[in-house]
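Given only the sequences and the hints, what does the whole structure look like? Please build it.
Protein sequences appear in the order of chains A and B. Going by our numbering, the residue at position 301 of the first sequence is 301; the numbering climbs one at a time, nothing skipped. Going by our numbering, the residue at position 421 of the second sequence is 790; the numbering climbs one at a time, nothing skipped.
These aren't lab readings, by the way, just hints derived from the structure by calculation. Note that beta-carbon positions come from the ideal geometry of N, C-alpha and C, so glycine has one too. Please note that a few of the clues may not be correct.
Derived list of chain A stretches under chain B, where covered just means 3 residues or more per stretch with a C-beta under 8 Å from a C-beta of chain B [what the hints assert, rightly or not]:
#1 2 to 11
#2 129 to 138
#3 249 to 260
#4 265 to 279
#5 294 to 303
#6 312 to 326
Selected chain A positions facing chain B (Cβ under 7 Å, derived; list incomplete) [unchecked claim]:
#7 V178
#8 M282
#9 L286
#10 L291
When the alpha-carbon atoms are kept at most 25 Å apart in a straight line, the in silico SDA-like pairs for lysine to any residue are as follows [unchecked claim]:
#11 A:K182 to B:A382
#12 B:K588 to A:Q232
#13 A:K182 to A:V192
#14 B:K588 to A:D41
#15 A:K182 to B:G436
#16 A:K133 to B:V387
#17 B:K588 to A:V192
#18 A:K182 to B:R380
#19 A:K182 to B:S379
#20 A:K182 to B:L377
#21 B:K867 to B:V599
#22 A:K133 to B:G436
#23 B:K588 to A:L248
#24 A:K133 to B:L377
#25 B:K867 to B:G436
#26 A:K68 to B:L377
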Amino acid sequence: MSRLEAVRKWANVPLILTVALLLVYGAVVVRSATAGFSAGDAMFQRQLFGIALGLVLLVVAWTVDYSKLEGWLGPLTVLNALLIISPRIPGLGVHVSGATAWLEVAGVRLFQPSEPAKLVTIVIMAIVISQYKGNIERWQDVMRVMLFLAVPFGLILLQPDLGTGLVFIAITMGMLLVGGLKARWFVIFAIVGVVGVGVAFQAGVVAEYQVNRMLVFLDPEIDPRGAGYNLQQSRIAIGSGGVSGKGLEQGTQSNLNFLPERHTDFIFSVLGEELGFVGTVMLLGLYLALLMIALEISTSGRDLLTSLIAVGLISMWTFQILQNMGMTMGLMPITGIPLPFMSFGSSFMITNLAGTGMLLSIWARRSGA
Amino acid sequence: MATYRDELRSRYAALAVVFLAVLGVLFLRAWSMQILSGDDFAAAAENNRIREIAVEAPRGRILDRNGVPLVQNRATLGVTVDPSARGDEDLLYRLSVALDMPFADVTERASSEREAALQPRLIAVDVPMTTVAYLAEHESEYPGVEISVVPVREYPNGTLAAHVLGYTGEISEEALKSGDMDSYALGDVVGKSGAERQFEPVLHGEKGYRRIEVDAMGKARAVIEEAEPVAGSDVKLTIDIDVQRVAEEALVNALAAARADDFKNARAGSAVALDVVTGEVLAMASVPTYDPTLFIGGISQANWEALNDKDSEYPLNNRAIQALYPPASTFKAITGLAGLEYGVTSLSHSYYCSGRWTGQGEDWAKFCWNRRGHGTMNFTSGIAQSCDTVFYEIGIEFYRRGAEEMQDFSKRFGLGSRLGIDLPGEMEGRVPDAQWKAEWNRDYPEYQRWLPGDDTNLVIGQGDLLATPLQMAGVFAGLANDGDVMRPHVLKEVLDSKGEPVRIVDAEVAFETDVGEASLRAMHNALLAVTEGGTGTSAFRGFPERVAGKTGTAEVAGRDDYAWFTAYAPADDPRYAVAVVIEQGGGGGAVAAPAAREILSALLGLPVETVRASDDSR
Numbered sequence: 001m002s003r004l005e006a007v008r009k010w011a012n013v014p015l016i017l018t019v020a021l022l023l024v025y026g027a028v029v030v031r032s033a034t035a036g037f038s039a040g041d042a043m044f045q046r047q048l049f050g051i052a053l054g055l056v057l058l059v060v061a062w063t064v065d066y067s068k069l070e071g072w073l074g075p076l077t078v079l080n081a082l083l084i085i086s087p088r089i090p091g092l093g094v095h096v097s098g099a100t101a102w103l104e105v106a107g108v109r110l111f112q113p114s115e116p117a118k119l120v121t122i123v124i125m126a127i128v129i130s131q132y133k134g135n136i137e138r139w140q141d142v143m144r145v146m147l148f149l150a151v152p153f154g155l156i157l158l159q160p161d162l163g164t165g166l167v168f169i170a171i172t173m174g175m176l177l178v179g180g181l182k183a184r185w186f187v188i189f190a191i192v193g194v195v196g197v198g199v200a201f202q203a204g205v206v207a208e209y210q211v212n213r214m215l216v217f218l219d220p221e222i223d224p225r226g227a228g229y230n231l232q233q234s235r236i237a238i239g240s241g242g243v244s245g246k247g248l249e250q251g252t253q254s255n256l257n258f259l260p261e262r263h264t265d266f267i268f269s270v271l272g273e274e275l276g277f278v279g280t281v282m283l284l285g286l287y288l289a290l291l292m293i294a295l296e297i298s299t300s301g302r303d304l305l306t307s308l309i310a311v312g313l314i315s316m317w318t319f320q321i322l323q324n325m326g327m328t329m330g331l332m333p334i335t336g337i338p339l340p341f342m343s344f345g346s347s348f349m350i351t352n353l354a355g356t357g358m359l360l361s362i363w364a365r366r367s368g369a
Numbered sequence: 370m371a372t373y374r375d376e377l378r379s380r381y382a383a384l385a386v387v388f389l390a391v392l393g394v395l396f397l398r399a400w401s402m403q404i405l406s407g408d409d410f411a412a413a414a415e416n417n418r419i420r421e422i423a424v425e426a427p428r429g430r431i432l433d434r435n436g437v438p439l440v441q442n443r444a445t446l447g448v449t450v451d452p453s454a455r456g457d458e459d460l461l462y463r464l465s466v467a468l469d470m471p472f473a474d475v476t477e478r479a480s481s482e483r484e485a486a487l488q489p490r491l492i493a494v495d496v497p498m499t500t501v502a503y504l505a506e507h508e509s510e511y512p513g514v515e516i517s518v519v520p521v522r523e524y525p526n527g528t529l530a531a532h533v534l535g536y537t538g539e540i541s542e543e544a545l546k547s548g549d550m551d552s553y554a555l556g557d558v559v560g561k562s563g564a565e566r567q568f569e570p571v572l573h574g575e576k577g578y579r580r581i582e583v584d585a586m587g588k589a590r591a592v593i594e595e596a597e598p599v600a601g602s603d604v605k606l607t608i609d610i611d612v613q614r615v616a617e618e619a620l621v622n623a624l625a626a627a628r629a630d631d632f633k634n635a636r637a638g639s640a641v642a643l644d645v646v647t648g649e650v651l652a653m654a655s656v657p658t659y660d661p662t663l664f665i666g667g668i669s670q671a672n673w674e675a676l677n678d679k680d681s682e683y684p685l686n687n688r689a690i691q692a693l694y695p696p697a698s699t700f701k702a703i704t705g706l707a708g709l710e711y712g713v714t715s716l717s718h719s720y721y722c723s724g725r726w727t728g729q730g731e732d733w734a735k736f737c738w739n740r741r742g743h744g745t746m747n748f749t750s751g752i753a754q755s756c757d758t759v760f761y762e763i764g765i766e767f768y769r770r771g772a773e774e775m776q777d778f779s780k781r782f783g784l785g786s787r788l789g790i791d792l793p794g795e796m797e798g799r800v801p802d803a804q805w806k807a808e809w810n811r812d813y814p815e816y817q818r819w820l821p822g823d824d825t826n827l828v829i830g831q832g833d834l835l836a837t838p839l840q841m842a843g844v845f846a847g848l849a850n851d852g853d854v855m856r857p858h859v860l861k862e863v864l865d866s867k868g869e870p871v872r873i874v875d876a877e878v879a880f881e882t883d884v885g886e887a888s889l890r891a892m893h894n895a896l897l898a899v900t901e902g903g904t905g906t907s908a909f910r911g912f913p914e915r916v917a918g919k920t921g922t923a924e925v926a927g928r929d930d931y932a933w934f935t936a937y938a939p940a941d942d943p944r945y946a947v948a949v950v951i952e953q954g955g956g957g958g959a960v961a962a963p964a965a966r967e968i969l970s971a972l973l974g975l976p977v978e979t980v981r982a983s984d985d986s987r
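In structure tokens:
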């Protein structure tokens, strides 16, 4: 066995290459997006530090055998709940832009616990769903699965962070799709979902800014100077990029501050403006490779548990890509969901890299390996 | 388990379909936005970042004939508000208090329409330093309120020559639509009246522009492109500001004298001084006058209403060219000349004035102004004493001849038509004839016929004959200029940026009267007799130059008599013609002639003294 084959046995080279390219691409665009900020250099260094830390956690996640977590459902559920509510514990949490989402110890802001909670949720749901061995039909079983989703979902809504809550739902739905939930249940979920959203709007539990975002999504011209401003400017940025873009750091929408939150939630708008349709296709190509490779890793999983973990990651990324890019182009309402491997933010970057490590672990322990 | 294994393939396929669909939709959306609509979005992005700001061209100055600035520019502190503040009543109210301006004026200016929708609206100029300091200190309480340096018109001589100079204001929407002001935009300042309006094309210059890049806050980041404005040209007028000053003071003096003499309604008047050879206007005065600084930055509603009030005597009117008066006895100069030219009278003709004239029959008796009668008169004494009887005789003769020769002759001097002065709004006046009378009374058939009385009224400058002060000055300038009435003009030169003339206005003949030399000489002598023993004598007692003039006292229904005096001097080598009208001032010799004397003094470089004339003659 050659040395290369030895590497291939435990390392999925296409995945590593794809993620490496995404990291470089993301770093280039974040560099361009932050260049105009007075603290731009420091921000870029923080992003690079996040990537470095993420790579460490990627290796750690690679070493874990997730099949062995089968019996840890109870402790993981408690851990997840603690993670999510930790920012609310006095002395630990910080309130930043409308939500209590940061963990802070001794004045040092550490990370957003809701980010790793996505991965823990994936593991929890994989354990629960794999227990049914591909046959989830009885309502008692469905209710049990939903209960395990309800814990992190309910807690995250308290922060309040609807965006991450939707990620939990997307993850669970993807895993149920592969994990054997009967088709009619998806119909029932769809009906419950629509009715639930309607009731939520009617009951007034939806915050005013969320109602506004929904109205703007339905009619972008409704208030171009107010609620519709971000969307309008984002669309102008992306569209004005044309075929090949205005060049890095040359985006006028971006550098003249017309674009809001350009280094985080609207990073794709910077990419679209400065690198054009060519840059957009490159990004979509990399995402396609990432998802296809993850799909292949899932199908090669040693057991249903690890296969479902891979499906959870696919679902998480798919939903976040759809939600984030869709939002910047007016296809989805505006929510604060960042773009995987691209957006500025260490907690998010570390989570995505740790997820990559989980995929590598599943590949290394694949059936027939 | 076997069945789930099979099922798993299709479930993975479904998952793949979901994420392929997601990526596909995003691809299509990006393609539609970046490829299909890329140009539209690119235009929107450019529109976001680029602002084009017009840079006003400095308006040309207006100088008098000696280069003395009459209108110039001055930088002042102005307060502007951003157009986004137009709906903020609270802000505008607080601003109106701070500026001590009526709230209505502030809101009106804040909401004025502009081509450049984002251009700040000018609210006030000449803001006191204390107010500027207050606004600067409380900047955060007045969002969108800016203090900026704005150029405005300045009038170093105050209200002097206000009617000739005119005022400026924002271009009206109608003027913009008219089509000949294509290069203008809403909000531009243009000449609204007088020379400012007449010479707008040379005064206004060419606007420059500055294309700047702005950020989302509207802050300028860089200048992309700019073009300097081209300053408007200075214009040099024919007006002599020293003569103008004397003319305006002379009118004020005359009005005061008239009021002191029991003519309480004497409140308005006008005077014109012309160069008889070139047609240059050396002075053009109209009383009451107005303050052109009221229009700086836009006139307030209250001031505008005051200037157009029924009891204001309409100070915005330039009476010299816009007011129509019966020329009264000053017109006898034309009647006399016509009589000589058509052989209706001659220097040897003799007339008898008993004070009552029955030439049209006993039932239609007319009176000379001097009811006691002038006794035996001839052509020269008829002019000198302004004897109506002499002219009734001439008038009835013209009536008998029935060829409207009087009217034709009057028109040869420019009466009934514009002289073509280079100022807006000149009136043409009226020379009544049979056709006019028929049309004028088309609904009253019994008044349509031209009667002997129409001619006997016409010859003494009464009845339906109307003329402007400028026209009568023109008539006397023509008499002094061998019968040629020159086109009056106020523009002397247009200057380039170095002060060199690029255009010089040439003298041109407006009306060639073709009056015989002998007739002109006879009239000249008669007009000299007016100031040397005739009705204008007391006003010119002791005047060092000989003056050919004519008094006039116009009867206007329901009002006190209007005083006229028209003249030219020096008599031996005439250079200047003057016309003076004092509305409701009484007799021409008593009221108007002293004013004309003051103006002639200034024109001829003589010491100006205010004299009181004692004539009760006309």
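* Any of the earlier hints contradicted here, and which numbers? -> 1, 8, 9, 15, 17, 22
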